[in-house]
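My request is simple: use the sequences and hints to build the entire structure.
There are 2 protein chains.
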Amino acid sequence: MKFSCEKALLQSAIAVTARAVSPKSSIPALEGILLEAGTDLRLTGYNLETGIRTVVPAQIDQEGSLVLSARLFGEIIRKLPDDIVSFQADGYMVNITCGMSQFNILATDPEDFPELPTVEDKNGFTIPRGKLGSMIRQTIFAVSDNESRPIHTGSLFEIDDTGLTVVSVDGYRLALRHEPITERDGALSFSFVVPGSALSEVEKICGDGEEEATVTQGERHVMFRVGDTMLVSRRLEGEFLAYRQAIPRNNGIKVEGDTRALLTSIDRVSLIISDKLKSPLRCVFDDNVLKITTKTGIGDASDQCPISGDGGGLEIGFNNRYLMDALKAAPADRVRLELSSGVAPCVILPAEGEENFLYMVLPVRLKAGE
Amino acid sequence: MKFSCEKALLQSAIAVTARAVSPKSSIPALEGILLEAGTDLRLTGYNLETGIRTVVPAQIDQEGSLVLSARLFGEIIRKLPDDIVSFQADGYMVNITCGMSQFNILATDPEDFPELPTVEDKNGFTIPRGKLGSMIRQTIFAVSDNESRPIHTGSLFEIDDTGLTVVSVDGYRLALRHEPITERDGALSFSFVVPGSALSEVEKICGDGEEEATVTQGERHVMFRVGDTMLVSRRLEGEFLAYRQAIPRNNGIKVEGDTRALLTSIDRVSLIISDKLKSPLRCVFDDNVLKITTKTGIGDASDQCPISGDGGGLEIGFNNRYLMDALKAAPADRVRLELSSGVAPCVILPAEGEENFLYMVLPVRLKAGE
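Top to bottom, those sequences are chains C and S.
Per the working numbering, residue 388 is the first one in the first sequence, and the count goes up by one each step.
Per the working numbering, residue 388 is the first one in the second sequence, and the count goes up by one each step.
In case anyone wonders, no lab produced these hints; they're calculated from the structure.
In this text, a Cβ means the ideal position worked out from N, Cα and C, and glycines have one as well.
Please note that the accuracy of each hint is not assured.
Chain C is faced by these chain S residues, among others (derived, beta-carbon under 10 Å) [said to hold, decoys possible]: (1) L467; (2) F490; (3) I492; (4) T495; (5) T651; (6) V656; (7) N675; (8) V676; (9) T680; (10) A688; (11) S689; (12) D690.
Written out as structure tokens, the structure is:
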């Protein structure tokens, strides 16, 4: 195995594939990146849950494959001068040369590296990479970390003629984003659930930009393709919450507020709440003002945030984290809050324009004196 | 106790004094900041080792003093809107109001707060604050963390008619910075040792700038005054290394190199060295080139760095960290390395101009095959 390539290109390919490498594994090959020099140079990381493969432009002088420790390989390449890196393997001993710098390190047998699942082309769609990334980013926080309902440790991807809907839920809140897609392939409508851990890597690979990303649904896996990089993840099996029925849409109270101002007020009052001293926020929706108070062993705090509309004095309790997560994610300067009573969920929507996001937060029972 | 002041000024005063507050203490008052409203508003943090006091412009309506948790007080003020903060204490209950935000928190008895030591004016000097800060920053890394020689857990401040010399040593290296001072008071020459922990706070308080900082040596303490802020630290007692005799100055080999290029080469080769797999750098000073190699269980690495001068093939081993710390700190683009043999220290000096810094690194014995 012998090849040479540009340091900067190799460095970014390692950074991408290393995301799917186990930091610590009983199988040493899983801590490594698979290098395959064939017609081109291919790098693969695979932790048995998520696999990432990318291609690097290289001059291949001799074909071959081997596995290198992702950490060490990444650090060596990162610290080399900005020049052409030459790579030559003699058995398992690998020589890396660049400028006046030279490294000799030991590789692992590529036979020990697990094979990446293949995803047969069944149903699929394309969407600009930046849009896919933001849809994931703005819903992933509501993915459950409770393994007792495994299906909810992922996000639902629902594709139909209106576009793509991404939904995350845990027992206390729901996050939903909707956008039109560029193209659809296969069935008229289909859906699948992708583990949150894989999605957080997809989000990073997406980055910004208008370039089309391709998503392909296989029997048991799903594949995301962005530029020269592809990510394969297993799908989660099970019945996802029938979320449409769970969202109340006939809410009598509708008020609007500045997203950042609401967030700042809640954040401020939350100072009095800690992991040890928990307490819900007591929110009172009055005429053109939202009053927020809370009280713990540390002391008490109150704040007021201007809103448009009259909440009629509705009093409702919330977990401060859940409200903040939703407001931080909401891609709008102004939001509409819909409520019906002190024991029904609060729905957060864009104040104007298309309804391309929806967050729902369940209330918390308020005790006297809180 | 009742006062009001600008949020931004109070926030930065808390940030400064909080540096001297114990993060965790069995005496609750030591986790707090002492607020004293008299003719002005004074904030004090004191962890019994280092004390920091600063003054905030405020309108005092009623005098008084109390202690507030540094963490909570700091967070509350930081998150308040940019406005006038009003502060009113009713017994130990403190009301903080700013705009539409209001907090009620509990204070601690100021009687429990330890008294800051007073530093009687004995000897002293002034020096621009930015210069004092950089002198500390460029020597503090060589302060020993070995408590068996307590005197070397601090830096020596030596003042004479040539200016200020700051020296740090552990058993393996030495760092020295020298600069002229603006003014000297008291004895013609004097010296004292300041704990490294206090100096790292002094360095942060100094920041940049030409404003004069005042340093006053007391019997058992030393005081640094920068603007409205003063820091008091105990002095370390004991006999500091007679460093002048320890530095070899008749070195036969003198070569020069680019500081950053040397650092990059060493950093690169150091990739092969880890906490678990230690090995010295094997440095060979040849004609206009420094060859650096090392070898561990991970593999081997080599690099070459251009130098000016002929090292005559001198081979010497170094701890990579110690060389890198010195080169990172050296305030010069080019350095001169002085050596005499493979078992004598390496001295690092500015390649040109005034000799305002000197680093010394002891060699490490090289074993065959390393």
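So, going through the hints one by one against the coordinates:
1. L467: holds, 7 Å
2. F490: With a closest approach of 5 Å, the S:F490 hint holds.
3. I492: Nearest chain C Cβ about 4 Å off; hint holds.
4. T495: It is violated, given that the least Cβ distance between S:T495 and chain C is near 13 Å, above 10 Å.
5. T651: Constraint on S:T651 satisfied, holds at 8 Å.
6. V656: For S:V656, the interface hint holds, since the closest Cβ of chain C sits about 8 Å away, which is under 10 Å.
7. N675: At about 13 Å, which exceeds the 10 Å cut-off, the nearest Cβ of chain C leaves the hint on S:N675 violated.
8. V676: holds, 9 Å
9. T680: Given a least distance of 9 Å, the restraint on S:T680 holds.
10. A688: Holds - the Cβ of S:A688 comes within 10 Å of chain C, reaching about 5 Å at its closest.
11. S689: Result: holds, 5 Å to nearest chain C Cβ.
12. D690: holds, 5 Å
Hints 4 and 7 from the list above are not met by this structure, while the remaining hints are.
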